[in-house]
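Protein chains in written order, with this note's numbering: chain D, 9 to 422; chain E, 43 to 581; chain S, 25 to 397.
In case anyone wonders, no lab produced these hints; they're calculated from the structure.
Honestly, I wouldn't trust all of these hints.
[Unchecked claim] Taking beta-carbon pairs under 10 Å as the criterion, some of the chain E residues facing chain S (in silico):
#1 GLU383
#2 THR387
#3 SER414
#4 LEU519
[Stated by the list, open to error] The following label-pair restraints were derived from C-beta to C-beta distances:
#5 E:ALA421 to S:LEU187: 37 to 45 Å
#6 S:MET343 to E:PRO484: 42 to 50 Å
#7 S:MET343 to E:PHE389: 39 to 47 Å
#8 D:MET296 to E:PHE389: 34 to 42 Å
#9 S:LEU187 to D:ARG166: 41 to 49 Å
#10 E:SER354 to S:LYS188: 29 to 37 Å
#11 S:TRP199 to E:LYS512: 31 to 39 Å
#12 D:ARG303 to E:LEU461: 41 to 49 Å
Glycine included, C-beta positions come from ideal geometry on N, C-alpha and C.
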Amino acid sequence: MLTTRMWIKIIRTLCAIMLAVPFLTGCWDRLEIEERAVVLGVSIDKVNMETAEKEEDEISHLRGTIPTPEKGMVRVAVQIALPGRIPLGPGESGGGGGGSVGKTVWVIDVVGHSLDDAIMNLQQQVSSKLFFGHLRVIVISEAVARNGLENINDYFRRNSEVRRMAWMMVAKGQARKLMLAAPPLERVPTLYLMSTLDEGIRMGKFPKDYIGIFWSNVSKKGQEGFLPYVEIKKEENVEIKGLAYFVGDQMVGVTKPLEIAGYLGIKGINPAGYRVFVQLSNPEQTIMTTATHRRSKIKVQIKDGIPHFTIDMGIELNVEGKLSDEIQINNPEVLRMIEEKQTEDAVKSYYKLIKDSQEKGSDYFGFGEIVRAKKPHYWNKRIKTAEEWGKMYRNCTFDIKVTLKVRRIGMKGV
Amino acid sequence: MPTRKVRRLNAKLLMPSPSTTMDKYKGQQVSGSLGDTIAFLDGILGINEDFTVRKFNVFGQFPAAIMFFSCMVNQDSVNSDIMKALMYTPPHLIGRSIETNQLSDVIMNDSLYHSKSSLQGELTALVECILRGDTVIAVDGMKESIIITTRSVEKRSIEQPATEQVIRGPREGFIEPLGTNISLIRYRLQSPDLRIQTMEIGRRTKSKVAVCYMDGITNPALVEEVHNRLSKIDIDTVLDSGYLEQFIEDNHYSPFPQVQYTERPDKVVANLAEGRVSILVDGSPLALVVPTVFNQFYQTVEDYTERFLLMSSIRFARLIALVFSLVFPSLYVSIISYNPELIPTDFAVAVAGGRAGVPFPAVIEVIIIEISMEVLREATIRLPQQVGGALSIVGVLVVGQAAVAAGFASPITVVIIALTTIGSFATPAYNAALALRLLRFPLIILAGTFGLYGVMIGLILIANHLLSLKSFGVPYLSPLIPVDFQGLKDLLIRGPLWLMNKRPAFLDPVEETRVSESKFDELKKTSKNVLDPLNDKSE
Amino acid sequence: METRQITVIQAAAVLVSTIIGVGVLALPLFAVRAADSGGPLVTFMAMLLAFVGLSLVTWLGMRFPNETIIHYSERIIGKWLAWIGSLFIIIFFAVLTSLTAREFGEVVVTSVLKSTPVEVTVIVMLLLAAISTRHGITTFAHIHTFYFPFLLVPALVIAALSLKNAEVINLLPIWGNEPGGMLKGTLTIAALFQGAFVLTAVIPSMKHPGKAMKASFWGMLVAGGLYVIIVAATISVFGSEEIKKLLWPTLELAKATSLPANILERMDAAFLAVWVTAVFTTLFSSYFFTIYSMSHLFRLKEHKLFSYFILPFVFVMAMVPQNIIQMYEIIENVGRIGLIITIAYPGLLLIVSILRKKRGNPVADNKNVDQNH
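Chain D on its own, in the form it takes in the complex (with noise of 0.2 Å):
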């Protein structure tokens, strides 16, 4: 016997049922692992106009109705994940043996008028739909970045997919060849990447530099953005040749690999890794030291209307190495030579690095957000924007000061 109350509870059920069907029919998103084209890798490069114009097809826009856009069309090669050849665990190698360990990849390349409409060009050409979240690296040539980011910025930026923490790098020559290396020490070449500079973070040789990071610096008002700037080496290794630092989102010059450890003296960043070459009176004399420990504290005055900045560094070395027997590190005069000749030699060089910057306008350390934190009356009054900034920042005036401390010098007494 079904009262009234039981029927309605039944049709009740039957409704929440039928509204709930459709939602589990759903799945509108649900894409397996296997079945997306995992991009690790990006790369972007500068092509001649015509044979891109040639090359391209008529998939985002018909041919002629876009006119090129004045910095010139794009190649962006992406090397894609082969999920069936990258073994389960440790041990077995998959697929055909020990020799195929190249083609864990698939590396392909396509031109286009933007960033957005190469992968566009791209998707058309790949089944599977391409999926950003594990890009790790992405590498710009120095032409591109010379160019400008800004519509690379503002794909990656927009796209939900894409992490803070991809390494974004600028190459020297064909950004390409990086997508198409295969360094044995990783079973996916762009983790090489990426490691490499990850473990440059460990050992004392690089800054943070992430895109999230780099992004951030870039829309600073009193900073510039930089990024590590890669070269690829004969066995296909990867060397990081400098800083190549910005003035808003084009590049405008590098650093030398040694000013790197200037760059992170200045910032005060540890661990500390560099080791450099200190030569006391006669080439003989030379002495290795690496740096341990770094200290930085930069303070703000402003001296006539410009801003003048004291950095006052400490390091902490310990001597590495020496050429040959003619100098005794036995006593304290010796150590107390070495940290006064390296103190003579690091300033210069920290100098140096400051001048060239200033010297292209391009405020990497930072030193405006200082300005902008610790005088905001000044800032607000005399520059307020990041190109006051930028101008500004050539006539700033600096005062460095380096107490460097030698503390061990290893299992060696003399």
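With chain D fixed as given, assemble chains E and S onto it according to the hints.
Same frame as chain D, but now just chains E and S:
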């Protein structure tokens, strides 16, 4: 006050007894004629082969008959304590003439050597007594028959509880007869406050149900409510305490058990002492404990016998297993199908490699393997133990390995399901583990529809359900919600016994304190290092 | 009728979990737009403003410890005026519900479930809230208390992990370089706190209504403190200029953080998943408040009736904004109106009630009190 006595409770039957043969004779009294009584009982029960009627003469002069079911009574007792006592005239009565109207007093007071005997004048009641295993003695001329409790039913010995094993703690488990079970409780709780009240439930089985509680601890309103709910049960057979559970629980549609069962007498005693009520049913080795809150399902007796630091961490492990068994597969599905960016790149690429040949989406794959795992588990439980072991090896090792080799499932899926299954085994309460296992499936489907978002929606629904659930008015998640800081000492961790000095507040016990704090302080202060070498004066 | 069971802690938890919701995702953006690096200060001021509003409401509630605002407003300013006021409150909370659902729907569709229709995500959240509102106010408080840690922990974890990348210099100067928009920003952010108005429905069920002020103080302190922490953490990691370019900076913060040892390489999807609970509690509160007030307005004993009844209306309202930018415009405007309803209106009631010397019957603690009459 008659303490320590099984008080009989007047449970009103809602419907009359369904036995048509008995209904006819309702209210008939013993007529006094022996022949009539024998004829009546023989007419109803005589068709049964084991129904015994033995005629004899009481004290050699009054014709009488003894009636019982031969396989339900203790024959020795019937022969020596009843027959012998009644046939011989006791020495002090020799020569005295006994009138028929004095007879019942004489028999009861002077001759019967049996402690549990009573008089009954109603015919239908006699039938019921014989059915229960009692012996009926009808004497010619007496308006009442004598009923003697001689029941003796074969029972197994007391064994280790099969489903609630402990390493440290008592080894006894309940068995089927109610009397034995009550004795197991009573010798652990030798207090006049222990009250055991019995009632009969089941129109045909007439199962004896005992309600145990501690007077002066348990909230009287709770006892009242338990009685109230039990007395309103109208069912014809009660074969196990589980039958009652399904009537007295608060929410019948919830997957979560709102009544705890146990086969450990020590657990029942612990619960009684906390202020709960326990319900035992004759014929069932499982006692019910009410009210029940969620945290009881991941706690064991052993938590309290071992030292608190160790058991707290083990309790954590159990909780993790509980969570594992609920969410692991759905998390896996949502990460694989929706958010592969969450896992490390190398691993993601490797997982993609493992899944490369699998024809189904992760949801379907996981559901298929989960279902086959459930089938396997059920098969292992139902099979005899010797075969069961072999089956689980075949099932897990061979089938699992073959499924991966055949490209039917990815190896990681197998790992995930195996972990989940093991996790669900680590939950001490079988019924709670069952509930979580069941809820896993909707979660997997939600994960397949909305990814992590769906899993959260599912978990929120489950949590909201748990929060609205009540067992005898106690919120199911007490003492977490509503927060009771005393109770938190025994929730995720198991606090030291001397710190948990209050009974759970959510049970609203009459007396709150169970451990005297000051005494413990005294214990710590007055303890001496008597054997400390420094004290050694003999040098 | 339920007895008075809600404790001070529970009431505070209701406040915190009601206040903290989807608004947190965009909060740093509002704060930075107002006064770049002065964001934390703006948030703090907004918290003070919101606390002033809440304490008015609490004071009023303590004067009438047996009734909800729907009832006592009738005694203070007369039946018809109060009816209009109550109607505004109900409509406002219905709108708030729909906007919360829509905002979160947009977040989910933009960042995680890209091809799922926004209608589906919105209706799923609304259904979840509707199903849960079918219980009494005690369960309502229990649910909030239960989810309280699920809201605090992920937010604090994200903030703590981001310390690794934080730079103090981004937070200086603390009053911001361009503090011109401070007042406007304070109002915008204060609007994020207005869910606290739900306290008017909680006070009549509190065990000790006299301690309501304590609950509102702690509730506001925890919620406001969390807001300030999140704003400070976001600004210190990104810098104010970068935040201006991000739609949901808090989500971006989760994206930029990874758990130690790379257990989870990025937390945005996980954070969003955990944040579903926070959004649920907010939605649940405003939904519950809407139907609870309706049942009081119409003098009904049960609010269950309305729980599915208003669902279609709320859903349709949620679908009104055409795009995400329009949606945020509407949210800001509704927030401003909300400040009038949740601060000015009770303020007015309070003044009138003091002038007319009206107050409710005091309540003996722990007594069973019929709340509806």
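Each hint tested on the structure:
1. Residue-level restraint check for E:GLU383 holds (minimum Cβ-Cβ distance to chain S is 6 Å; threshold 10 Å).
2. Checking E:THR387 against chain S: minimum C-beta separation of about 7 Å stays under 10 Å; hint holds.
3. Contact between E:SER414 and chain S, as hinted, is not supported at the beta carbon level, the nearest pair being about 29 Å apart and thus beyond 10 Å.
4. Among the interface hints, the one on E:LEU519 holds; its C-beta lies about 7 Å from the nearest C-beta in chain S, closer than the 10 Å criterion.
5. For E:ALA421 paired with S:LEU187, a C-beta distance near 53 Å fails the hint of 37 to 45 Å.
6. Evaluation of the 42 to 50 Å hint for S:MET343 and E:PRO484 yields a failure: the beta carbon distance comes to about 28 Å.
7. A beta carbon spacing of about 40 Å between S:MET343 and E:PHE389 agrees with the range 39 to 47 Å that was offered as a hint.
8. Between D:MET296 and E:PHE389 the beta carbons are some 40 Å apart, a value that agrees with the proposed interval 34 to 42 Å.
9. Taken as a hint, the range 41 to 49 Å is violated for the pair S:LEU187 and D:ARG166, whose Cβ atoms sit roughly 28 Å apart.
10. For E:SER354 paired with S:LYS188, a C-beta distance near 32 Å keeps the hint of 29 to 37 Å intact.
11. Checked against the hint of 31 to 39 Å, the C-beta distance between S:TRP199 and E:LYS512 comes to roughly 52 Å, which is inconsistent with it.
12. Restraint check, D:ARG303 to E:LEU461: a C-beta distance of roughly 48 Å satisfies the suggested window 41 to 49 Å.
In this structure, the earlier hints numbered 3, 5, 6, 9 and 11 are contradicted, and the remaining ones agree with it.
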